[in-house]
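Chemist: The residues making up each chain are set out below.
There are 2 protein chains.
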Amino acid sequence: MSKIYVVGIGPGEYEQMTVRAAKALGSCDTIVGYTVYVDLVKEHFAGKEFLTTPMKKEVERCRLAFEEAARGKTVAMICSGDAGVYGMSGLMLEIGMEYPEVEVEVVPGVTAATGGAAVLGAPLIHDFALISLSDLLTPWEKIEKRLLLASEADFVICLYNPSSKKRHDYLKKACDLMMRYKAPETVCGIVGNIGRQGESCRVMTLEELRDTQVDMFTTVFVGNSQTKEIGGKMVTPRGYKNV
Amino acid sequence: MSKIYVVGIGPGEYEQMTVRAAKALGSCDTIVGYTVYVDLVKEHFAGKEFLTTPMKKEVERCRLAFEEAARGKTVAMICSGDAGVYGMSGLMLEIGMEYPEVEVEVVPGVTAATGGAAVLGAPLIHDFALISLSDLLTPWEKIEKRLLLASEADFVICLYNPSSKKRHDYLKKACDLMMRYKAPETVCGIVGNIGRQGESCRVMTLEELRDTQVDMFTTVFVGNSQTKEIGGKMVTPRGYKNV
Numbered sequence: 001m002s003k004i005y006v007v008g009i010g011p012g013e014y015e016q017m018t019v020r021a022a023k024a025l026g027s028c029d030t031i032v033g034y035t036v037y038v039d040l041v042k043e044h045f046a047g048k049e050f051l052t053t054p055m056k057k058e059v060e061r062c063r064l065a066f067e068e069a070a071r072g073k074t075v076a077m078i079c080s081g082d083a084g085v086y087g088m089s090g091l092m093l094e095i096g097m098e099y100p101e102v103e104v105e106v107v108p109g110v111t112a113a114t115g116g117a118a119v120l121g122a123p124l125i126h127d128f129a130l131i132s133l134s135d136l137l138t139p140w141e142k143i144e145k146r147l148l149l150a151s152e153a154d155f156v157i158c159l160y161n162p163s164s165k166k167r168h169d170y171l172k173k174a175c176d177l178m179m180r181y182k183a184p185e186t187v188c189g190i191v192g193n194i195g196r197q198g199e200s201c202r203v204m205t206l207e208e209l210r211d212t213q214v215d216m217f218t219t220v221f222v223g224n225s226q227t228k229e230i231g232g233k234m235v236t237p238r239g240y241k242n243v
Numbered sequence: 001m002s003k004i005y006v007v008g009i010g011p012g013e014y015e016q017m018t019v020r021a022a023k024a025l026g027s028c029d030t031i032v033g034y035t036v037y038v039d040l041v042k043e044h045f046a047g048k049e050f051l052t053t054p055m056k057k058e059v060e061r062c063r064l065a066f067e068e069a070a071r072g073k074t075v076a077m078i079c080s081g082d083a084g085v086y087g088m089s090g091l092m093l094e095i096g097m098e099y100p101e102v103e104v105e106v107v108p109g110v111t112a113a114t115g116g117a118a119v120l121g122a123p124l125i126h127d128f129a130l131i132s133l134s135d136l137l138t139p140w141e142k143i144e145k146r147l148l149l150a151s152e153a154d155f156v157i158c159l160y161n162p163s164s165k166k167r168h169d170y171l172k173k174a175c176d177l178m179m180r181y182k183a184p185e186t187v188c189g190i191v192g193n194i195g196r197q198g199e200s201c202r203v204m205t206l207e208e209l210r211d212t213q214v215d216m217f218t219t220v221f222v223g224n225s226q227t228k229e230i231g232g233k234m235v236t237p238r239g240y241k242n243v
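Protein chains in written order, with the working numbering: chain E, 1 to 243; chain P, 1 to 243.
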């Protein structure tokens with residue numbers, strides 16, 4: 001039986017992946033992925049065959065991986081961050097139904113929420129909600145509803161895909177929605193290029209975040225009512241008692 | 001300047017930690033942690049000094065780490081999963097304010113939400129909320145409110161600390177609350193001992209989950225309205241369009 005690993009390589013460069021992920025990639029004949037992610041790990045896996053497809057060609061990329069595996073190759077499909085958070089593991093399992101002779105194993109990784117949190121300090125710590133602002137596959141009304149209800153519930157909120165060329169004002173819209181329940185002085189943070197060259201972060205208020213321009217490589221953290229700034233770090237306490 | 005790494009070692013055994021985490025532990029003189037987590041990694045870091053404290057002694061554990069570092073040792077404080085998700089990084093940064101001569105670096109890891117998701121298939125994939133059912137540090141009313149609002153928002157919900165000796169009926173109570181908005185046939189999954197010996201998982205409906213007894217080593221996943229069972233796996237699609 002041939003095998004495909006669906007591997008989350010973590011938010012950045014080689015060292016951000018787990019030992020298990022590195023072993024899985026090391027055991028493969030072929031590594032498939034979006035060009036940018038393949039370039040992040042390529043030098044550590046010399047001698048492997050690399051197959052890349054451009055962004056938004058996810059279904060094609062999955063089929064490519066299964067076709068390779070069906071030919072007897074051991075294949076790794078790599079994803080940035082975790083394979084199961086806005087990643088490829090779901091699609092791989094769905095398409096995998098057409099290839100019963102190929103075994104699929106999902107190898108988890110550090111997602112941008114926890115990778116970025118470590119850069120900012122400790123913004124999550126307790127309950128949080130993860131929301132993507134991309135309306136490519138989700139109606140904006142659904143995103144809006146989630147922003148409102150998650151704010152009402154006083155979750156720390158981590159925003160993925162906060163911006164793109166077409167969606168340059170989405171973060172501002174999201175902040176306005178969250179401010180219906182969260183105070184303007186709520187402690188927030190942004191992290192860019194997590195675990196990669198050019199990594200940067202900034203702590204600010206929700207009001208300031210509203211007027212901050214971010215790019216698609218940025219992960220945004222919006223605190224809960226207890227989140228504080230401590231020595232330049234964004235820190236959420238472990239609970240609501242004795243604070 | 002002496003240094004403390006606050007390291008998330010991932011959900012289970014050595015291989016679940018990142019290459020970066022393994023390097024950080026390798027560079028340390030002293031590894032501090034809760035006994036169970038130290039035992040999971042001990043054999044891979046021979047020659048290190050290990051200091052353990054029992055559960056619930058978190059503040060003492062943090063001070064122990066800083067006292068060691070203040071004596072010039074390079075120290076790692078290890079946490080299960082990710083250091084910033086119900087982990088020690090927040091407390092370490094807070095207590096660290098008393099030790100300005102010690103630098104604190106947080107090293108992220110795979111949290112149980114993504115580690116467990118990989119075992120079940122792809123239950124998260126899209127927006128999700130993470131909620132702890134432990135009311136040790138959070139009033140139950142707050143937990144209840146979050147369960148209701150997260151369900152109303154149609155998040156996939158991942159539950160940490162779903163049970164303990166004192167809280168044996170909390171998962172049942174949580175399921176009843178979620179069923180006010182989520183259908184009884186919502187696809188759910190549980191994973192036990194993620195990444196460790198005895199790892200197990202099961203896919204079931206929300207109605208079945210309500211009557212399932214889980215222990216404190218179990219992570220629970222409650223699907224959104226689109227979550228499906230595919231070939232025995234729990235899979236959430238990437239969005240709400242074209243489904």
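Please keep in mind that the hints were generated in silico from the structure rather than gathered at the bench.
Just to be clear, a hint being listed does not mean it is correct.
Because identical chains share one entry, a pair is satisfied inside a single copy or across any pair of copies.
As the list claims (entries may be wrong) - Here are the simulated DSSO-like pairs of lysine-lysine, each with C-alpha atoms no more than 27 Å apart in a straight line: (1) 48 x 145; (2) 172 x 48; (3) 48 x 142; (4) 42 x 166; (5) 173 x 42; (6) 48 x 23; (7) 56 x 166; (8) 173 x 48; (9) 3 x 172; (10) 228 x 165; (11) 42 x 228.
Chemist: Run every hint past the structure and note whether it holds.
Modeler: For each hint, the structure was consulted:
no.: 1; hint: 48 x 145; result: neither (45 Å within a copy, 50 Å between copies)
no.: 2; hint: 172 x 48; result: neither (44 Å within a copy, 49 Å between copies)
no.: 3; hint: 48 x 142; result: neither (42 Å within a copy, 51 Å between copies)
no.: 4; hint: 42 x 166; result: neither (31 Å within a copy, 50 Å between copies)
no.: 5; hint: 173 x 42; result: neither (38 Å within a copy, 49 Å between copies)
no.: 6; hint: 48 x 23; result: both (13 Å within a copy, 25 Å between copies)
no.: 7; hint: 56 x 166; result: within (15 Å within a copy, 48 Å between copies)
no.: 8; hint: 173 x 48; result: neither (45 Å within a copy, 51 Å between copies)
no.: 9; hint: 3 x 172; result: neither (44 Å within a copy, 38 Å between copies)
no.: 10; hint: 228 x 165; result: neither (32 Å within a copy, 33 Å between copies)
no.: 11; hint: 42 x 228; result: neither (40 Å within a copy, 35 Å between copies)
In this structure, the hints that do not hold are numbers 1, 2, 3, 4, 5, 8, 9, 10, 11, in rising order.
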